[in-house]
Each structure stands twice: as C-alpha cells, then as structure tokens.
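Here the protein sequences line up with chains A and B, keeping their order.
Numbering of the first sequence is given in this note's numbering, commencing with residue 1 and proceeding in unit increments.
Numbering of the second sequence is given in this note's numbering, commencing with residue 1001 and proceeding in unit increments.
Hints may be right or wrong, so weigh each one.
[Said to hold, decoys possible] Quick list of the computed label-pair ranges, beta carbon to beta carbon:
(1) 1001(B) to 76(A): 46 to 52 angstroms
(2) 31(A) to 1112(B): 27 to 33 angstroms
(3) 86(A) to 1010(B): 26 to 32 angstroms
(4) 29(A) to 1012(B): 40 to 46 angstroms
(5) 1017(B) to 29(A): 30 to 36 angstroms
(6) 18(A) to 1017(B): 45 to 51 angstroms
(7) 85(A) to 1007(B): 25 to 31 angstroms
(8) 1009(B) to 8(A): 43 to 49 angstroms
(9) 16(A) to 1052(B): 48 to 54 angstroms
(10) 13(A) to 1056(B): 30 to 36 angstroms
(11) 72(A) to 1053(B): 34 to 40 angstroms
(12) 57(A) to 1002(B): 43 to 49 angstroms
(13) 1058(B) to 76(A): 42 to 48 angstroms
(14) 1054(B) to 20(A): 30 to 36 angstroms
[Stated by the list, open to error] The calculated SDA-like cross-link candidates involving lysine to any residue, where the alpha carbons are at most 20 angstroms apart (straight line), are:
(15) 1049(B) to 98(A)
(16) 20(A) to 1042(B)
(17) 1058(B) to 1099(B)
(18) 41(A) to 1042(B)
(19) 55(A) to 1099(B)
(20) 41(A) to 1095(B)
(21) 64(A) to 98(A)
(22) 1049(B) to 43(A)
(23) 1058(B) to 1075(B)
(24) 41(A) to 1066(B)
(25) 41(A) to 1054(B)
(26) 41(A) to 1088(B)
(27) 20(A) to 110(A)
(28) 1049(B) to 1012(B)
(29) 66(A) to 115(A)
It should be emphasised that the hints constitute simulated quantities derived from the structure, not laboratory data.
Only a predicted model underlies this, so the values are computations on that prediction, with no experimental measurement involved.
The beta-carbon is built from N, C-alpha and C at its ideal position, and this holds for glycine as well.
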Amino acid sequence: GAVVSQHPSWVICKSGTSVKIECRSLDFQATTMFWYRQFPKQSLMLMATSNEGSKATYEQGVEKDKFLINHASLTLSTLTVTSAHPEDSSFYICSARDPRGIGELFFGEGSRLTVL
Amino acid sequence: AQSVTQLGSHVSVSEGALVLLRCNYSSSVPPYLFWYVQYPNQGLQLLLKYTTGATLVKGINGFEAEFKKSETSFHLTKPSAHMSDAAEYFCAVSDRDNQFYFGTGTSLTVIP
Chain A
1 GAVVSQHPSW VICKSGTSVK IECRSLDFQA TTMFWYRQFP KQSLMLMATS NEGSKATYEQ
61 GVEKDKFLIN HASLTLSTLT VTSAHPEDSS FYICSARDPR GIGELFFGEG SRLTVL
Chain B
1001 AQSVTQLGSH VSVSEGALVL LRCNYSSSVP PYLFWYVQYP NQGLQLLLKY TTGATLVKGI
1061 NGFEAEFKKS ETSFHLTKPS AHMSDAAEYF CAVSDRDNQF YFGTGTSLTV IP
C-alpha cells in the first residue's frame, strides 16, 4: 500500500511554545491530506482537511489560529500547534488518500504531543 | 451523512478462539468499506477493504470480512486469535463522494 510518513513520533514541549508536525506522502502525490486528533481510548476526530496550494478546511470547533495547517507541496502537509498548552496534549494522526486506488486512506504513524 | 456502528467497544477472546468484530453502516447505496487496525501509539493500518465484486474479502494477518448488503454489515473475523492481534480495530465507510466515516473502534484483548 501507499506510504505516509509522519514526524516526529514523540514531542514534549513547554507550555506556550509552538510545535510543528510533518506529514509526507512518500510514493504518491496527495492533493488532500487529513489531520486527526485522537484522545485516549477514543476514535479519530477529524480536525481539518489540508488542500495543496489553498487554505485548509477546518471542522467545526477546531481553532484555526491554534492549529495552523500548511500544504505547500503535493507530498507535504504540516500541522503547527501554536502556543501549546497542556490541554493540547494528544495523539495527532495524518492521512492521505492514494489517488491511484479507490481512494482509501493511508495513515502516518502518529505524533504524541505532550505539553508540560 | 453516513454512520458507522461498531457493536462492542471491548471484545475479549481466548488465544486460538474465533474473533468476531461487528460493524454496521447506514448507507442505502453500497459504499466502500474498510477495516483498519491500530496498535498502541501508532497510526492506522489498512487490514482489508471492500469495493465491488466478491463479498468476502481477505486481508492481512488472516483476517477477513464479509459484506452483507441486506444486513448493511461488514463484520470482521479471524478463525484463530493470536496474542499479536490485540489492538484497536476501526471500521470505516467511504461514500461515493469520498467522505470517510469511522466507527468508534473496538478494543480486542486476547487472553492467553
């Protein structure tokens, strides 16, 4: 299957700092990528849809200024958690749809963010 | 919008026993159906998918699922559970507009 890589896998930061998470499609071009947040023992919560060359589409209730998404190329989307606070601690997962198939989603490895 | 229901947020089976994880969806139009597995602190890995054709689909790690249109179900099974199967399993549906909808997940515990 297609490969989506996410970095970093783990990040610990101090409250008030910003953290950037990268999501790359390694063997295909992804015009659209998705960012999810997952709380312990829960399902995925779609945060936003990242569109190459245009603004991201955020789900209701997700703060655009808090979670900045940039999709500058067909293989890279970034999520920046700005002025992070402990309540932003979570598992963040990106995914991309392989255009060569039926459009199934392939997921990155996930990034565990801990804000102290 | 679609809805995906996974009955049983936690399922426990003995090693070597049958695994059955249930998934029902709401669409009246046959969608694309998927099962994903998630190990702790990892992303989701595609187990199997149904698009068209044969209703019994085989996936990785010995899992299979059967699409039953009349029951709007896509249950996941494995004849004999292995300790390494312990994980979180998500059923997902993609409609013709390529919108993805996930179930709430089922945590599988395998008892030695």
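Each hint, compared with the structure:
1. 1001(B) to 76(A): 46 to 52 angstroms: Since residue 1001(B) and residue 76(A) have Cβ atoms about 30 angstroms apart, the given range 46 to 52 angstroms is violated.
2. 31(A) to 1112(B): 27 to 33 angstroms: 46 angstroms Cβ-Cβ, so the 27 to 33 angstroms window is violated.
3. 86(A) to 1010(B): 26 to 32 angstroms: holds, 28 angstroms
4. 29(A) to 1012(B): 40 to 46 angstroms: holds, 42 angstroms
5. 1017(B) to 29(A): 30 to 36 angstroms: violated, 43 angstroms
6. 18(A) to 1017(B): 45 to 51 angstroms: This hint holds: roughly 48 angstroms between Cβ atoms.
7. 85(A) to 1007(B): 25 to 31 angstroms: Violated, since residue 85(A) and residue 1007(B) (Cβ atoms, about 36 angstroms apart) do not stay within the stated range.
8. 1009(B) to 8(A): 43 to 49 angstroms: For residue 1009(B) and residue 8(A) the Cβ distance comes to about 30 angstroms; the hint is violated.
9. 16(A) to 1052(B): 48 to 54 angstroms: For residue 1052(B) against residue 16(A), whose Cβ atoms are near 52 angstroms apart, the range 48 to 54 angstroms holds.
10. 13(A) to 1056(B): 30 to 36 angstroms: violated, 47 angstroms
11. 72(A) to 1053(B): 34 to 40 angstroms: holds, 39 angstroms
12. 57(A) to 1002(B): 43 to 49 angstroms: Violated: the Cβ-Cβ distance is about 18 angstroms, outside 43 to 49 angstroms.
13. 1058(B) to 76(A): 42 to 48 angstroms: Given a distance of about 34 angstroms, which is not inside 42 to 48 angstroms, the answer is violated.
14. 1054(B) to 20(A): 30 to 36 angstroms: Roughly 44 angstroms apart at Cβ, these two residues miss the hinted range, so it is violated.
15. 1049(B) to 98(A): Distance of about 14 angstroms is within 20 angstroms: holds.
16. 20(A) to 1042(B): Roughly 18 angstroms between the alpha carbons, so the hint for residue 20(A) and residue 1042(B) holds.
17. 1058(B) to 1099(B): Violated, at roughly 24 angstroms.
18. 41(A) to 1042(B): With Cα atoms ~13 angstroms apart, residue 41(A) and residue 1042(B) stay inside 20 angstroms; holds.
19. 55(A) to 1099(B): holds, 19 angstroms
20. 41(A) to 1095(B): Cα-Cα ~26 angstroms, so violated.
21. 64(A) to 98(A): Not OK: residue 64(A) and residue 98(A) at ~26 angstroms, beyond 20 angstroms, violated.
22. 1049(B) to 43(A): Distance of about 19 angstroms is within 20 angstroms: holds.
23. 1058(B) to 1075(B): Judged against 20 angstroms, a Cα distance of about 12 angstroms means the pair holds.
24. 41(A) to 1066(B): Between residue 41(A) and residue 1066(B) the Cα gap is close to 26 angstroms, so the pair fails against 20 angstroms, i.e. violated.
25. 41(A) to 1054(B): violated, 33 angstroms
26. 41(A) to 1088(B): holds, 9 angstroms
27. 20(A) to 110(A): Judged against 20 angstroms, a Cα distance of about 13 angstroms means the pair holds.
28. 1049(B) to 1012(B): violated, 24 angstroms
29. 66(A) to 115(A): holds, 14 angstroms
Violated hints for the displayed structure, listed by number in ascending order: 1, 2, 5, 7, 8, 10, 12, 13, 14, 17, 20, 21, 24, 25 and 28.
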